[in-house]
Amino acid sequence: NAGVTQTPKFQVLKTGQSMTLQCAQDMNHEYMSWYRQDPGMGLRLIHYSVGAGITDQGEVPNGYNVSRSTTEDFPLRLLSAAPSQTSVYFCASSNREGINEKLFFGSGTQLSVL
Amino acid sequence: AQTVTQSQPEMSVQEAETVTLSCTYDTSESDYYLFWYKQPPSRQMILVIRQEAYKQQNATENRFSVNFQKAAKSFSLKISDSQLGDAAMYFCAIPLLIQGAQKLVFGQGTRLTINP
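Protein sequences, first through last, are from chains A and B.
Start counting the first sequence at 16; every next residue gets the next number (the working numbering).
Start counting the second sequence at 3; every next residue gets the next number (the working numbering).
Derived from the structure by calculation, the hints contain no laboratory data.
There's no promise every hint is true.
Taking lysine to aspartate or glutamate and the EDC-like style, the derived pairs with C-alpha atoms no more than 16 Å apart in a straight line are [stated by the list, open to error]:
no.: 1; chain 1: B; residue 1: K105; chain 2: A; residue 2: E74
no.: 2; chain 1: B; residue 1: K75; chain 2: B; residue 2: D28
no.: 3; chain 1: B; residue 1: K80; chain 2: B; residue 2: D28
no.: 4; chain 1: B; residue 1: K75; chain 2: B; residue 2: E54
no.: 5; chain 1: A; residue 1: K117; chain 2: B; residue 2: E63
no.: 6; chain 1: B; residue 1: K105; chain 2: B; residue 2: D33
no.: 7; chain 1: B; residue 1: K75; chain 2: B; residue 2: E17
no.: 8; chain 1: B; residue 1: K57; chain 2: B; residue 2: E19
no.: 9; chain 1: B; residue 1: K105; chain 2: A; residue 2: D41
no.: 10; chain 1: B; residue 1: K72; chain 2: B; residue 2: E54
no.: 11; chain 1: B; residue 1: K105; chain 2: B; residue 2: E17
no.: 12; chain 1: B; residue 1: K105; chain 2: A; residue 2: D88
no.: 13; chain 1: B; residue 1: K105; chain 2: B; residue 2: E31
no.: 14; chain 1: A; residue 1: K117; chain 2: B; residue 2: E54
no.: 15; chain 1: B; residue 1: K80; chain 2: B; residue 2: E12
Since this is a predicted model, take the numbers as computed values, not measurements.
Okay, chain B solo, but in the shape it has when bound (with noise of 0.2 Å):
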């Protein structure tokens, strides 16, 4: 079966550190997509980060980069410069066929403490 897993359902950093959450996945497709999304206390989902499997260059946005290994179907998130804005629940996000249709699937999540 296709899966994504996030290993870690907790992490903490101090303030200002860097913090890498992790995530790998099973896909037989070669061409995808791949997300992180956050969800802060407040419940709402927000898009940080997206990378286009095809692509080398790993993406970034701001204080947010991946390390995205494609061979080893590993998709993980750095966060640098942590703030205490960045406590959330991470959760990675891939597209996976699922009765014989892609659909995105998330991971387990990851809740990251900041601490100050």
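Next up, chain A with everything else stripped away, as it sits in the complex (with noise of 0.2 Å):
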């Protein structure tokens, strides 16, 4: 029962760096997404998927790009990292559109940009 897998747990990058988050998902989900966790606001959606082939922007999607080839993994890509993005970022499934279902999530991605 592997459910939602992120890697790496933990990064640590300079500024300008690229990297990529990976995700992946052994559920058959259709709805796939990305939060960040900041302190004191929750976690905010960058980018969600409800399917292959179909990505949108979410509430934070500026300096991030996704792309959605399969329906088990959906990597979030950083092309140029800013201390601003320094944050745990967690991945999340659901079977349907997410918005109505229980969502799956990774156990976390701890990113922090110098």
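The two chains are supplied separately, each in an independent frame; assemble them into the complex guided by the hints.
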């Protein structure tokens, strides 16, 4: 029962570096999403996808790219990391549109940008 | 702008007592679901309870129940017989209309401490 798997769990970047946060789910969920968690601000939606080949922006999409080539995978790319992107990132999935269904979360990636 | 607000950044309660966490929101939708999620120190997000807005009956899951006031746009979580394992961050989450599409929006969170 893997559920939603995120890698890496921790990452330190220098300003301007790029990287990809990986997210994979084995539940055949159509809906996948990325959130960032910052103190006092809860979880904010970055990007989401309702199926392979379909992605859309959330509340805070700037500085991040996503793609969804398969049902299982939904990677999040930081093109040029900035200190403001220091945060904990969560990937989540659900079996329908995600709005009215239980979200299954990964264990998170703690990212520090120096 | 449509919003979700948790006005209590921190709460504490004695073990075995009851505590209520508040959540208010602003949406123009009429049919939607509302959620409470728990995040213990392990960081794993766990669904606590879900409420359907068109149902008048408040949802209950064991020691967890909600007080849903649709007209007041209020969705509070009551934890009865508090246990040490209930210590966590609690987030309410509600679908809001953002940039023409419904998206699940989380409140700022309430950190709950259980005193033995």
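Structure versus earlier hints - violations, ascending order: Violated hints (numbers, rising): 3, 7, 8, 9, 11, 12; every other hint is consistent with the structure.
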